[in-house]
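Asker: So the mapping is simple: our numbering equals the position in the sequence shown, first residue as 1, plus 294.
Check before you lean on any hint, since a few could be wrong.
[Claimed, not checked] Cross-link-like lysine-lysine pairs, in silico, BS3-like; alpha carbons within 30 Å at most:
no.: 1; residue 1: LYS321; residue 2: LYS422
no.: 2; residue 1: LYS308; residue 2: LYS516
no.: 3; residue 1: LYS313; residue 2: LYS333
[Said to hold, decoys possible] Now the in silico label distances, taken between C-beta atoms and shown as ranges:
no.: 4; residue 1: ARG420; residue 2: GLY677; range: 43 to 53 Å
no.: 5; residue 1: ASP602; residue 2: LYS315; range: 50 to 60 Å
no.: 6; residue 1: ASP303; residue 2: THR634; range: 45 to 55 Å
no.: 7; residue 1: GLU665; residue 2: PHE563; range: 19 to 29 Å
no.: 8; residue 1: ASP379; residue 2: GLU621; range: 19 to 29 Å
no.: 9; residue 1: PHE306; residue 2: GLY342; range: 12 to 22 Å
no.: 10; residue 1: ARG339; residue 2: HIS617; range: 46 to 56 Å
These aren't lab readings, by the way, just hints derived from the structure by calculation.
No residue lacks a Cβ here, since even glycine has one placed at the ideal position from N, Cα and C.
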Amino acid sequence: MNRFTIPRDIYFGKDSLDKLKELEGQKAALVIGGGSIKKTGNLERIQGLLLDAGIENRVIEGVNTEPTVQMVKEGVDVLNDFEPDWVIGIGGGSVMDAAKAMWLFYEHPSLTFEEAAQPFTLPKLRTKAKYVGIPTTSGSAAEISNLSVITDEKTNIKYPLADFELTPDIAIIDPVMVESMPKQITAYTGMDAFTHCVEAYVAKPRTVFTDALAIEGSVIVKNNLLDSYNGDQEARQDMHNAQAMAGMAFANAVLGNVHSLAHKSGPTFDIPHGCANAIYLPYVIQFNRTVVADRFATIAKRLDLEGDTNDELVDALVSYIRHLNTEMNVPNSLQEFGVTEELFNKYVDDMAKNAMTDPCTGTNPRETSVEEMKQLYVSAFYGKDVNF
Numbered sequence: 295m296n297r298f299t300i301p302r303d304i305y306f307g308k309d310s311l312d313k314l315k316e317l318e319g320q321k322a323a324l325v326i327g328g329g330s331i332k333k334t335g336n337l338e339r340i341q342g343l344l345l346d347a348g349i350e351n352r353v354i355e356g357v358n359t360e361p362t363v364q365m366v367k368e369g370v371d372v373l374n375d376f377e378p379d380w381v382i383g384i385g386g387g388s389v390m391d392a393a394k395a396m397w398l399f400y401e402h403p404s405l406t407f408e409e410a411a412q413p414f415t416l417p418k419l420r421t422k423a424k425y426v427g428i429p430t431t432s433g434s435a436a437e438i439s440n441l442s443v444i445t446d447e448k449t450n451i452k453y454p455l456a457d458f459e460l461t462p463d464i465a466i467i468d469p470v471m472v473e474s475m476p477k478q479i480t481a482y483t484g485m486d487a488f489t490h491c492v493e494a495y496v497a498k499p500r501t502v503f504t505d506a507l508a509i510e511g512s513v514i515v516k517n518n519l520l521d522s523y524n525g526d527q528e529a530r531q532d533m534h535n536a537q538a539m540a541g542m543a544f545a546n547a548v549l550g551n552v553h554s555l556a557h558k559s560g561p562t563f564d565i566p567h568g569c570a571n572a573i574y575l576p577y578v579i580q581f582n583r584t585v586v587a588d589r590f591a592t593i594a595k596r597l598d599l600e601g602d603t604n605d606e607l608v609d610a611l612v613s614y615i616r617h618l619n620t621e622m623n624v625p626n627s628l629q630e631f632g633v634t635e636e637l638f639n640k641y642v643d644d645m646a647k648n649a650m651t652d653p654c655t656g657t658n659p660r661e662t663s664v665e666e667m668k669q670l671y672v673s674a675f676y677g678k679d680v681n682f
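I would like the entire structure built from these sequences, with the hints used as guidance.
Answerer: This is the structure in structure tokens:
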């Protein structure tokens, strides 16, 4: 039996933020990052819409890095004092990850992070509050997904929280939130969305539902990412929708080795998540082609890439991704990003071992050994094609 779970309501397109004035409740806690949402006036607009609904609100801000245990605990203290019936995460993936975790521990204060990190074992939520996700970037799809990753800043242990209970109640995907997104963030988050499409399409738990969203999402990304990068607002709206489609796919089909590699090396080398995905994606496609070349070829065909055989189409897909990176000033190797050989050699063995424990490794279409994971890192560091 398969399962497909997404937010109960998804509002998208121009002025979808207006749905906030129809919320029913008394209090809403707004979890945000920093000053950009204030500078654009979007925070003030959201607060005004909530007041129109008769909902008092309080802001929890400062999630400017990967969310930590301490951030979550401080946020829960605010929630316990304020007692909201809505928690609203407004931002990129880090902000919404933090907001989801705050919501979880607000509802279940006796739960530990170790217990919460056991996949798909969370207790029921929504006894105190419901959750709304409002993205300000077009990549993570955290407003759609059932995931949150929190880091213990003292031990550097990452707690991956994964459960359908964490699926937001409402997602509001309004293009006004990404109108002023910087070019670099547009590139990184766009490649994050494209990676979600590709990995979900070949992941072991894929279904006919996730396939349809992943393949169509990849087409929309191809047709709009470069224009979005160059500031076209209509393309940004289409990208904002596409990343949510990708989120619906990967939230149910999961992902693969691209994310395993990125999760373990991003914090080590200070590589933004979307950038790390963009670097690793071609190498992992080459690695996985031995078992799912036909599916990569299907993606290539839908993207109108040239090739007559599966091998030619897979090669065309790899070349296209590298070309896309180059067009948006995204590096194609770890060396190109700026990682030194000394630093890489210091951490590569530990990263490979840790990547094996990542939940995404288990759903990668090709079984992977520790040595193969290390070789993927080595290939991505030097920019060498994968032929093992």
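Asker: Decide, hint by hint, whether the structure agrees.
Answerer: Hint check results:
Taken as a hint, the LYS321 and LYS422 pair is honoured in the structure, with Cα atoms around 11 Å apart against an allowance of 30 Å. A threshold of 30 Å between alpha carbons decides the hint, and for LYS308 with LYS516 the separation of about 22 Å falls inside it, so the pair holds. Straight-line distance between C-alpha atoms of LYS313 and LYS333 comes to about 22 Å, which keeps the hinted pair within the 30 Å bound. Between ARG420 and GLY677 the CB atoms are about 48 Å apart, so this pair conforms to the stated range of 43 to 53 Å.
Against the hinted window of 50 to 60 Å, the Cβ-Cβ separation of ASP602 and LYS315 comes to about 55 Å, which satisfies the hint. Under the hint 45 to 55 Å, the C-beta atoms of ASP303 and THR634, about 48 Å apart, fit the expected range. Taking the beta carbon of each, GLU665 and PHE563 are about 21 Å apart, inside 19 to 29 Å as hinted. A hinted range of 19 to 29 Å for the beta carbons of ASP379 and GLU621 is inconsistent with their spacing of about 46 Å.
Between PHE306 and GLY342 the C-beta distance comes to about 21 Å, which sits within the given range of 12 to 22 Å. Between ARG339 and HIS617 the C-beta distance comes to about 38 Å, which lies outside the given range of 46 to 56 Å.
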